[in-house]
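Undergrad: Listed below are the residues making up each chain.
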Amino acid sequence: MEVVDIHASCDHEFIAKVEEESEQKVRLCYQCGNCTAGCPYTFVYDIPVSQVMRLVQAGQKERLLSCKSIWLCATCESCTTRCPNEIDVARIMDVLRHMARREGYVAEKNVKKFWDTFLDSVEKHGRVFEMGLLATYVAKTGRFWTDMELGPKILPKGKLSFKPHEIQGKDKVAEIFKRFREMQQ
Amino acid sequence: MSTYAYYPGCSGLGTSQEYESSTRAVCRALGVKLVDIPDWSCCGSTPAHTVDHLLSSALAARNLALAEDLDAAAVITPCPSCLTNLKVAVHRMSDREFRMQVNKLLDKPVDRSTPVKSVLQVLAEDVGPETVAEMLPHKPLAGLKVAPYYGCIMNRPPEVMQFDDHENPMAMDNLMAALGAEVLPFPLKVECCGASYGVARKDIVAKLSGKLLQAAEDLGAHAVVTACPLCQMNLDLRQGQASSAAGHKFQLPVFYYTQLIGLALGVPQSELGLSKLCVNPRLALDAMHAVQAEKREQEAKKEAAKQIHKAKAA
Amino acid sequence: MKIGVFVCHCGSNIGGTVDAARVAEASREFPDVVFTSDTMYACSEPGQDGIIQAIKDNQLDGVVVSSCTPRMHEPTFRRTVERAGLNRFMFEMANIREHVSWIGKDKEANTNKAIELTGIAVEKLRRDQPLFAKQFDINKRVLVIGGGVAGIQAALDCADGDREVVLVERESTIGGKMAKLDKTFPTVDCSSCILGPKMVDVAQHPKIQLYAMAEVEEIGGYVGNYEVKIRRKAPYVNWDLCTGCGLCMEKCPSKKSTDRFNEQVGSTTAINIPFPQAIPKKAVIDPKFCIKLTKGKCGICAKICPTKAIVFDQREEIISESVGAIVAATGYDLFDISKYGEYGGGRLPDVITGLQYERLLSASGPTGGHVKRPSDGKEPKTIVFVQCVGSRDKSVDRPYCSGFCCMYTAKQAILTKDHIPDSSSYVFYMDIRSPGKMYDEFTRRAMEEYGTQYVRGRVSMIYPQGDKLMVRGADTLMGTQVEVEADLVVLAAGAEAAVGAPQLAEKLRISYDKYGFFMESHPKLRPVETNTAGVYLAGSCQGPKDIPASVAQGSAAAAKVLALFAKDKLENDPMISLVDMKRCVGCGKCVRVCPFGAIKEIDVRGEPKAEVIETVCQGCGLCTATCPQGAIQLSHFTDNQILAEVNALCQL
Amino acid sequence: MTILTQLKEQITAQLPKLDMVIGWEQGYDALHATPLFMRAAEDVERLQIGPLSVHNTATYLTGLRNKKVGLVVKGCDSRAVVQLQQEGLIDRENVVVFGFPCDGVADLTKVRRLIGDVGRVEEVETTPTELRLRVDGREEQVAMSDVMADKCRRCQYPNALVHDHFAGKPREPHATSDDYTDVQEFESQSLETRFEHWKSEMSRCIRCYACRNACPMCVCRDHCIAQSRDPHWVTQDDMVREKWMFQVIHAMHLAGRCVECGECQRACPVDIPILALKRKMNKEIKEVFNYDAGVDPQAIPPLLSFQVEEENINERGW
Amino acid sequence: MPALAGKELRIVGFLCNWCSYGGADTAGVGRFSQPTDLRIIRVPCSGRINPLFVAKTLLSGADGVLVSGCHPRDCHYAEGNFYARRRLEVFKRFLPTMGIDPDRFEYTWVSASEGQRWQKVVTTFTEQIHKLGPAPRFGFAHEQNPATAAAC
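So the sequences go chain by chain: A, B, C, D and E. Residue numbering for the first sequence follows my numbering, beginning at 2 and increasing consecutively. Residue numbering for the second sequence follows my numbering, beginning at 3 and increasing consecutively. Residue numbering for the third sequence follows my numbering, beginning at 5 and increasing consecutively. Residue numbering for the fourth sequence follows my numbering, beginning at 7 and increasing consecutively. Residue numbering for the fifth sequence follows my numbering, beginning at 13 and increasing consecutively.
Hints listed in this document are in silico derivations from the structure and should not be mistaken for laboratory results.
Think about it this way: if two alpha-carbon atoms lie no more than 30 Å apart in a straight line, the pair counts; the simulated DSS-like pairs of lysine-lysine are:
hint: 1; chain 1: C; residue 1: Lys472; chain 2: B; residue 2: Lys251
hint: 2; chain 1: A; residue 1: Lys179; chain 2: A; residue 2: Lys125
hint: 3; chain 1: A; residue 1: Lys110; chain 2: B; residue 2: Lys204
hint: 4; chain 1: B; residue 1: Lys209; chain 2: C; residue 2: Lys472
hint: 5; chain 1: B; residue 1: Lys147; chain 2: C; residue 2: Lys343
Chain A extracted, bound-state conformation (with noise of 0.2 Å):
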């Protein structure tokens, strides 16, 4: 394993605007591991919860905008629930996962095509339309083969639309995407 050098590899303007993106205060943490204990992704992690806390509280920015872990948390809310120092861990994980994007760190592409699809199809049709959704996805990944034989168990049920739900106020909504991207820029 190699030996960190805690002081220079210590970004400490990375630590700040995680402060800031997440109104949290990093150095609240004292490492229990309650999130760790908590999390129920724990088990798909690269680098369990309470270690995200700590290589943020170390600035190590490198290490967490590559992990997996960040792009696997499901937002459950269990550790921000449970932290005794009332750190909203869940915020902290979202706020690494926006620099992540923004940086082009991605380590789980496939999660990411996911909710990049669900995204495209609410800006194209104000509302979420389920099986484009798929349709796109799987086209974009190439696995045509994901939940085949899910096909026979829900198409019966006639749940699922082929057409999209349009909205009449659908260019609103992508004025919405329209005008972040504007502000990011």
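Guided by the hints, dock chains B, C, D and E onto chain A, whose structure is given.
TA: Okay, now just chains B, C, D and E, sitting in the frame of chain A:
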């Protein structure tokens, strides 16, 4: 009772049609007046807040702004994911600066702080299980053993959601008990089912939902009851995937709580949408009927014994 | 008037961020100031000698010391000026340390502020008058509130010092929390075996009057002369007749009564003696469960009592006692574990508190010392201990460390192995706090000799799985989530202020912190004194403490009481209100508002006037702020003094 | 029988038992009344009541503490009696109160503003709606509605609240509540305007202390802190600040005690509108403690008592 | 010695000895840094604080006045702060009519243990006063009356 601005959520038009139709039917039957938010749009759900909190709040807030014209007591929605996005938007917009930022993204700005609740909260608090129980003195769901599963974000984080006990919620338990059902102390009421990872990482959902199904099965549940479209889909549609991952075949019907209330209240099948469930609900309902029949038989026997006893005494 | 100003550097404490020399120099410009100097440590012996010398050399009439808070060294310097022949009230302090040098780094602003604070002290001093104390008698009896180990120690030490003691205990027996413990760390002594003899001493000591089942209702008066009303609850048993034979308990048919002594592990009879070593060993009826008292029928105990001690219509009574000093030793209570919904405390029968576990371990407990879990009476094989439940947790408003949980958990893990050799114990901890003599060695033994598995991390949730409890936590050292299937979970519930502590503090007129623990006079140097003269603290009422610390404080409080009682007369604080008879119009507003009844109306040539009872006045000055014509003035804080301070600050 | 005749009869009957009865008579001219101290039966003849009986007779009470005194009172005067009794500053058994229904008094400053400073008024005829003044042989008429004192327009207590004798029948109150619109209007101006208002008004103060001397609740008299060195609250410097400080002291000392008789402002020779300060204080006392001074002799003044949990004060503070 | 011109405003605090003065000491002991504007006058009890002291201070040229006592029910003298609370509240409400911004005067409760709270109170209040800026003055004596100014 007050009028509520109703936000159905996108999945209500698709994968959770039966939740949507049974919710409307149950609200009608219990006198909860719903007025749809006109031309509502997607709240942004999980994907939006993973991109940006401002965008996420703006997508939700568009609907809050539209709801303001309805002058309703509250905006209500059946879906916890929509609920979270709407509530977080309201919560964070109590900060003036943030609200101004959000309004910059919107055509119609938000100027009021409208309370947002789940339909479950309205049924549990504004209607109340007592009222439901009074309407159903014959306890139509007696004998049905249910495991109520709330999902992870119906009550969390408590500062934002402001509803029920965040570790051991009881709203659905109490409503189910009001129907006569036998409510099991489901230990994983607020544990996550895998959320929206079904498509991109179905291994996660299979494992987490499998845990939940296992716990329900261990308790001897006839069915799981949910209040969330995503939870229901993960537990029901993906039950086969969970079975494969666990190496153990689950056969647990997964109801929406509104379907069971509707069933008890005598809502027509077309609105209940029981046929839209993947795991056959008959499994649970048959078990319930069997219990009920057995109970009737026992009572009849008791009654007969009494009669004989009386006759002898006479 | 000739005034000397002494500016203290306090090493670098003040000197670091205040230019003390400049403060001294600038002070020379203040009216009446004839001498100034800056000194390294004004409170040191050479510092004080310097002040005395300057007073003598310059014939000073008054002295200002600009240094630390007057709450620290005002008494010191008062004695200094007195040694130089001045009246001790011809002295003022400017607080340029706590209020200046320690709270900012801007030396220019600090120096300027220090000069101004010195300036207002000079203005106040210019209007000071010599004041003289009055003497009054002292009642040499002491009230000890709380009969836990701290209160017991304080009572015994005072009584051994030949002073009469009134000991008031809320429960029906003394002994407190210590009496409930099975063993004590780190010696693993039997708790009731070491406490028992002390309890017996209390019962037998001729100088101790014990009121059990009693609470302090009202406290009036002041140091040396407190009047206390004690509410003694009705045990429904004439304790003069009760011999503690226990026959009644054997026959009582109401067996589902709350067992407070056993922390509600199991239940007890409605008429009850909490434990065999109880002092006083007297029966008490719980009126909530007694069939006679709730339904009017039964009365079996009355029938079989050999001394006819049962009195169903007994009423509570109010007892008055006069004392000169009070020791508060009201201890602590346990954090309510049901506040952690995720742990299921209160919901899951096999999730219990550490104190409940003590009762399960204790041979005098409800299971006779056999560890059986509450749900089904089975002997647990896997026991999980969770630390910091209601400690170090801001989210439940308990950010403080309860101090003793680490140690009792280690003890319980050791005892568990002794009781059930084939058991495994897991302790989830965040940090191990064991800074006492032989303490750390003890926790090491739990791990090294007894094989207790210490897991560094908190527990996130506990849920039933079959007849087991699934404990899900983190092992932060392994960097992973862990699960243990437990038979029994023991939560190390933190300590919190005793129920009713704030209300008692209000009666005692002492301060308490936001958690309800009583405030000591000084955290380092006056740990058992309060800011109310004659009221002392012992034990956990001041903050969580283990047994040796509580006992030490009990003795310390007793030493303070005995020192107070060594005098035959006390002197009042002469900073009291005085009435200017000419100005008083006899409207009685001061009489009405005085919290101490220290002002009476008198008749002066047919005119009503107010008069201050000098030994009763506590010097709050409420009357001065009330009197419209300013006829009653609080000495040393007169209107003119405060106005002069205002003028010095504002009319620049 | 007129109310005045009835009143005179009652006074005459009681006078032998009293050291004096205080009422009003004509002063230096027909428009200006002056307090009347009736000691003998013939003094009673000079008694007059009506819109010119402006003085608060209770003002004299504390100075006559050991005497048996009769007092003719308007409603507002009676509130001062109640307040003095409540504060234990008079012995109620030494005071005999003669009440009558008061239709309101004229504000002579308003009269002067209407008709100018006309000099000696020879005769005044009062009707329920008008004052008719004869000056230099000519007649001036002013409508009562134009000159009635502001305090009378909002008066809720026109009949003596305490009395031992009452002449005539009690009348309806002039108003049923006080919404303090005057205070609100004043406060609707900018802070600077308000500050400058007082700065300029107070610059006219001549420090005669007529306001204080006319106040029935100013019981310190010779020991008023405005003029003492110990305590030295106010200096003798000729500065607006010192004058203003005195008015603040007066208002604070009256907090929860002022019965709004308006004597302070009426007595002011330079017409400084100082009643506004007391009005403000009363408004806040009413809002915070729901308390009116001089209404209930058994009440405890709000600033001499407290509640552990205050209903209208944020307990945890700022 | 004027308050550091431009940097500081004149803020006067009246603190009870037992709680708030102790709280300010605790803040000092904890090195909780604070703005330097505040000058503390120590009194035994908040009940000693006649609201007229606040009036006098404001009229004498202070830009802000802060009063702090023991929390209600914790008064060292049992009741002083209860009376203070009523009197100070009434006085604060009186200020608008005087033409003085009521935000220039605050009263609060800080216990001897609440060093951090004291830091927050001082910081917030000082910021509040700086936001309001210097208080309007009556002018110095000599501006009003040269004759008396000479006598000063």
